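Single-letter residue listing:
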Amino acid sequence: MALTFLDREHTVAPPGYSRWLIPPAALAIHLCIGQAYATSVYKDALVEHFDTSLTAIGVIFSIAIVMLGVSAALFGTWVDRVGPRRTMFTAACCWAAGFLVAAAGIQLGQLWIVYLGYGVIGGIGLGLGYISPVSTLIKWFPDRPGLATGMAIMGFGGGAMVAAPLSRELLALYGGDSPGGDAVAKLFVTLGIAYFAVMMLGVFTVRVPAPGWVPDGFDPASVRAKPMVTTAQVSASNAIRTPQFWLLWVVLLCNVTAGIGILEQAADMIQDFFRDGSGVSTVTVVVAAGFVGLLSVGNMGGRFVWSSFSDVIGRKPTYIVYLGGGIALYGLLATVGSSSTVLFVAFCFVIISFYGGGFATVPAYLRDLFGTYQVGAIHGRLLTAWSTAGVLGPLIVNGVLDAQGNPGELGAADYQPALLIMVGVLAVGFVANLLIKPVSERWHEPASGRTTGAAGTAASPSSTDPSTDPSTEAAR
Amino acid sequence: MNDQPTASQHHAAPRTDYRARIAVVWTVVLAPLAYGVFHAVKAATQLFTG
Numbered sequence: 001m002a003l004t005f006l007d008r009e010h011t012v013a014p015p016g017y018s019r020w021l022i023p024p025a026a027l028a029i030h031l032c033i034g035q036a037y038a039t040s041v042y043k044d045a046l047v048e049h050f051d052t053s054l055t056a057i058g059v060i061f062s063i064a065i066v067m068l069g070v071s072a073a074l075f076g077t078w079v080d081r082v083g084p085r086r087t088m089f090t091a092a093c094c095w096a097a098g099f100l101v102a103a104a105g106i107q108l109g110q111l112w113i114v115y116l117g118y119g120v121i122g123g124i125g126l127g128l129g130y131i132s133p134v135s136t137l138i139k140w141f142p143d144r145p146g147l148a149t150g151m152a153i154m155g156f157g158g159g160a161m162v163a164a165p166l167s168r169e170l171l172a173l174y175g176g177d178s179p180g181g182d183a184v185a186k187l188f189v190t191l192g193i194a195y196f197a198v199m200m201l202g203v204f205t206v207r208v209p210a211p212g213w214v215p216d217g218f219d220p221a222s223v224r225a226k227p228m229v230t231t232a233q234v235s236a237s238n239a240i241r242t243p244q245f246w247l248l249w250v251v252l253l254c255n256v257t258a259g260i261g262i263l264e265q266a267a268d269m270i271q272d273f274f275r276d277g278s279g280v281s282t283v284t285v286v287v288a289a290g291f292v293g294l295l296s297v298g299n300m301g302g303r304f305v306w307s308s309f310s311d312v313i314g315r316k317p318t319y320i321v322y323l324g325g326g327i328a329l330y331g332l333l334a335t336v337g338s339s340s341t342v343l344f345v346a347f348c349f350v351i352i353s354f355y356g357g358g359f360a361t362v363p364a365y366l367r368d369l370f371g372t373y374q375v376g377a378i379h380g381r382l383l384t385a386w387s388t389a390g391v392l393g394p395l396i397v398n399g400v401l402d403a404q405g406n407p408g409e410l411g412a413a414d415y416q417p418a419l420l421i422m423v424g425v426l427a428v429g430f431v432a433n434l435l436i437k438p439v440s441e442r443w444h445e446p447a448s449g450r451t452t453g454a455a456g457t458a459a460s461p462s463s464t465d466p467s468t469d470p471s472t473e474a475a476r
Numbered sequence: 001m002n003d004q005p006t007a008s009q010h011h012a013a014p015r016t017d018y019r020a021r022i023a024v025v026w027t028v029v030l031a032p033l034a035y036g037v038f039h040a041v042k043a044a045t046q047l048f049t050g
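Chains A and B are the protein sequences, given in the same order.
Letter by letter, the first sequence follows residues 1 to 476 in UniProt numbering.
Letter by letter, the second sequence follows residues 1 to 50 in UniProt numbering.
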C-alpha cells in the first residue's frame, strides 16, 4: 500500500523512545483543529462577501461540528485499527483541504463550496483529528491518563486562542482596515498550508508503544486496586450496549449543554447582568471582551488542571465536582450573581473550567470503564453527545431569553429561568454519574490465553493492531 | 507480566538521547500556544482596567 510509513507497524516506538514526545504530537493536531472555535473573526466579512445572513454563514460552523461528531462516531473503529499516524495524516489532509476548497468557494462566490470545504471536508478532519491521539496517549500514560488527555484536549481550547489573534493580524495584512472576501480567501489558504505543516509535526512524531511496554516504576497492581478502573477490555460495539456508555453520554451532554449556555452568551450576559437604573449597562464592550478572554483561559486551563486532578481523586468523584459544583455555581449565579461583578466573573470562570475539564477527563473515564482496546472508537461515539449539546445548549438559552424580551434590554432577572434550567440539566448529569458502576463481565473481551495487563498497558489487545492480531480476531 | 519487557529492561539496549528532540517539538507547540495565551490574558486584563 502507498504511504506505508503511515502504517501502525511502522509507528511502533523503538526501545527507549520518550513518551514525552507524544503529548506535543497530540497538541500539534489539537492546536490546529481548535481553530474551529475562532470563526467569529471573519464571519462579518463573509456575510458581506456573499451578501447573505449571519445564519447562513453560521451554518458553515454548524456543519463542521456535526461532521466532527459524525466522523468521530463512524470512523472511530478505523482509527483504532490503522493507528494514530495514518489517522493524523488523514485529518491533516482533510483539515487543510477543507480550507483550500473553502477558499476556492469564496473566490468563486459559491457558498455551497464553502459548506462542502470547511464544513464537510474540514469537519471530517476535525473529528479524526480530535480522537486520533487520545487512545495512543492513554497507552503511553497508563499511570496518568487524565494528565495525558488533558494536555492534548487543552490544545483544542488553545487552538481558538491562537487562531483568533492570528487571523485578525492576517486579515489586516491581506485586507487592511476592512477586509473582504478576498482577504478571507487568502487567510484560508495561509491557514490551510500552515496547519498542514504543523500537523505533520504530529504525524512524524507520534509513536505507539511496543507490545509489552510499561513506563519505568509503574506497577499495574496499582490500577487493579482501584474499584472503578477495569483491567478488562470492551469492544466499541459492546460498549454502546452497556448502560455505562449511555450514562456517561448523558453526563457529557449535560456538562457541555450547561457550559455552552454561558459561552454562547458571555459578552451579552455580563452587560445585561449589570445595568444601572436607566437600563444602561455599567459594563463596557471592552470589559465584556475581557470577560470572554478570561473565560477562554478558564476553558483551556480547566482541561489540563481538572483532568490531571482526576488522576488523583478518580474520574467519578471528579465529575461529582464538575456537576455538583456546577449546580451550586449556577444557583448562585441565578440568585446573587448580579450583586457583584467580581462574584459573577468568578462563578463563570469556574463553571467554564468545569466545562473544559469535562471534555478532557472523559477519555480517561472511558479507559477506566472499558479498557484501552477500542477506547478511540468508543470516544468517537461518545462525542455525539457534544454535537447534541451544541444544538441543545443554545436552543435552551436563546429560547428562554427570546421569551423574556429583546436583546439589549434584558436584565439579570431575565436570565434566571435559563440558569435554573441549567441547574436542572446538571442535576440530571449528576444523577447519571452517580449511577455509573463498573461494566458487567459479560461485555468483556475473552482473554484468549493472553496475559491481560493493566489498563492501557502491555498486554491489552490494542497494543497491537486489533485488525491483524489473530488472537484478537479469535476473541470476537 | 514477567515476560513483558519494561522500560527498565530496555535500558540494556543502546538508547537514543531524545532530550533535544523533546525540546524542539515542545517549543514548536508551546510557542504558538504562548502567543494565544498572551493575547487572551491581554484581553482579560481589560476586565480590570477597561
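It is possible that part of the hints are untrue.
[To be verified] Computed cross-link-like contacts, DSS-like style, restricted to lysine-lysine with a CA-CA straight-line distance of at most 30 Å:
1. A/Lys186 / B/Lys42
2. A/Lys316 / A/Lys226
3. A/Lys437 / A/Lys316
4. A/Lys186 / A/Lys43
5. A/Lys437 / A/Lys226
6. B/Lys42 / A/Lys43
Everything labelled a hint here was simulated from the structure, so no lab data went into it.
Only a predicted model underlies this, so the values are computations on that prediction, with no experimental measurement involved.
Going through the hints against the structure:
A hinted pair counts as satisfied when its Cα atoms are at most 30 Å apart, and lysine 186 of chain A with lysine 42 of chain B qualifies at roughly 27 Å. Taking the CA atoms of lysine 316 of chain A and lysine 226 of chain A, the gap is near 12 Å; set against the 30 Å cutoff, the hint holds. Distance check on the hinted pair: lysine 437 of chain A and lysine 316 of chain A sit about 10 Å apart at the alpha-carbon level, within 30 Å; holds. Distance check on the hinted pair: lysine 186 of chain A and lysine 43 of chain A sit about 15 Å apart at the alpha-carbon level, within 30 Å; holds.
For the given pair, lysine 437 of chain A sits about 13 Å from lysine 226 of chain A by alpha-carbon distance, which is consistent with the 30 Å threshold. A hinted pair counts as satisfied when its Cα atoms are at most 30 Å apart, and lysine 42 of chain B with lysine 43 of chain A qualifies at roughly 23 Å.
Of the hints listed earlier, there is not a single one the structure fails to meet.
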